[in-house]
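Asker: For reference, the chains in residue letters:
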Amino acid sequence: AQTVTQSQPEMSVQEAETVTLSCTYDTSESDYYLFWYKQPPSRQMILVIRQEAYKQQNATENRFSVNFQKAAKSFSLKISDSQLGDAAMYFCAYPGGSQGNLIFGKGTKLSVKP
Amino acid sequence: EPEVTQTPSHQVTQMGQEVILRCVPISNHLYFYWYRQILGQKVEFLVSFYNNEISEKSEIFDDQFSVERPDGSNFTLKIRSTKLEDSAMYFCATRLAGGSNEQFFGPGTRLTVL
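Residue numbers (our numbering), protein chains in the order written: chain A, 1 to 114; chain B, 1 to 114.
With the rest of the complex left out, here is chain B (with noise of 0.2 Å):
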């Protein structure tokens, strides 16, 4: 069955440095997502990203944020000067248009920032 998948799974980095996470969404899946999960928190929307562009973020993706589709396969999540409180789950998640909005989420990339 086809899968989302993220690398890394465990991301350790300094405060101030930049990560990038990666996704791979399913391959005839048009719509993308990045969510992020504090510890114990619920799951918050960061950003939606179709057709080669942002479709809508929330006010927790400011300009520290960034994502972009560089090769038609991989999705990512820029993370530029990470701060103490970007240590969290970050999951991908995507889904074919239309229909059901059923989203198929990645097993998520965790996040640690010293």
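This is chain A alone, in the form it adopts within the complex (with noise of 0.2 Å):
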């Protein structure tokens, strides 16, 4: 079965500062993306950034980048020089099913300390 682990529940950053939230999924392809989702306080379901897994360069969106391992199918997201906009749940989301339905994984939820 396809699935997605996200192992820390709960992460902390001081501002200005840089975290690391971790990802790991399962799958038997070989082809696909990763994404990773942002979930403010208004619950809205935003997308930080996605990953190409044919794709050896890790991708970036500003202070966004991911690690991408698939040999280890690994997918972490780094947020540099974090802000206080920045404290959300933070899902990471693969297109598991036939029809590209996502697998998310349980979420982080991420503070951000003045």
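Take these hints with a grain of salt, some might be off.
To be verified - When the alpha-carbon atoms are kept at most 30 Å apart in a straight line, the in silico BS3-like pairs for lysine-lysine are as follows:
id, chain 1, residue 1, chain 2, residue 2
1, B, K57, B, K42
2, A, K78, A, K55
3, A, K70, B, K57
4, B, K57, A, K109
5, A, K109, A, K70
6, A, K78, A, K109
7, A, K106, B, K57
8, B, K78, A, K106
9, A, K109, A, K55
10, B, K83, A, K109
11, A, K106, A, K73
12, B, K42, A, K73
13, A, K73, A, K55
14, B, K42, A, K109
15, A, K55, B, K42
16, B, K42, B, K83
17, A, K78, A, K106
18, A, K55, A, K106
19, A, K55, A, K70
20, B, K78, B, K42
21, A, K106, B, K83
22, A, K109, A, K73
23, B, K57, B, K78
24, B, K42, A, K70
25, A, K78, A, K113
26, A, K78, B, K42
27, B, K83, B, K57
28, A, K106, A, K70
29, B, K42, A, K113
30, B, K57, A, K73
31, A, K106, B, K42
Said to hold, decoys possible - Negatives, chain A to chain B, calculated, CB over 10 Å:
id, residue
32, S7
33, E10
34, M11
35, T24
36, Y25
37, D26
38, S65
39, K78
40, S111
What the hints contain is simulated information worked out from the structure, not anything from laboratory work. No residue lacks a Cβ here, since even glycine has one placed at the ideal position from N, Cα and C.
Each of the two chains sits in its own frame; use the hints to bring them together as a complex.
Answerer: Here you go:
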């Protein structure tokens, strides 16, 4: 079965510091995408970053970057220069269904301390 | 920028009543999804819809649930005879065919069953 695992229920970071959120997944596919979504208190699901599995280069979006290790099936999210607005739940997701439906991890609640 | 919209934002209903949650997809998107998030838990896939029919559904999506696209624009989720455990956020998501499987989420409908 395809699964997505986030082993850190909660993380905390000091403002302006860097934090890494971990995610592992299980799949037998060779070409796929991976996603990180942010869910602030409003509960809107906001795409943070995506990674194509066949690309060796790690994706980067401004202060957000990933460390993608395909062989290890690891897809961690690094947030640099953390800001108060980064405080949210972060979900790792993999489109594991036959129709591309997303399989989500349980999420990591990130707190940012001023 | 095009966005997925959902109505209502919050629905309160009595146990046993029927509710209809509505979603307006992004106009050129072809795949539609419903997800559910019970408070404090991960986002769970309910159903996918393509070419005017259900393409995949999870074990959660039993006979109590139905989806349709009655007028070519709205995409609805109907829950018959609601139960207390149906209280959750319900997200609609849509995507283009092919590509990255990136899904665009609506803001969600918070359903409260009393």
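Asker: Going back to the hint list, which numbers does this structure go against?
Answerer: none
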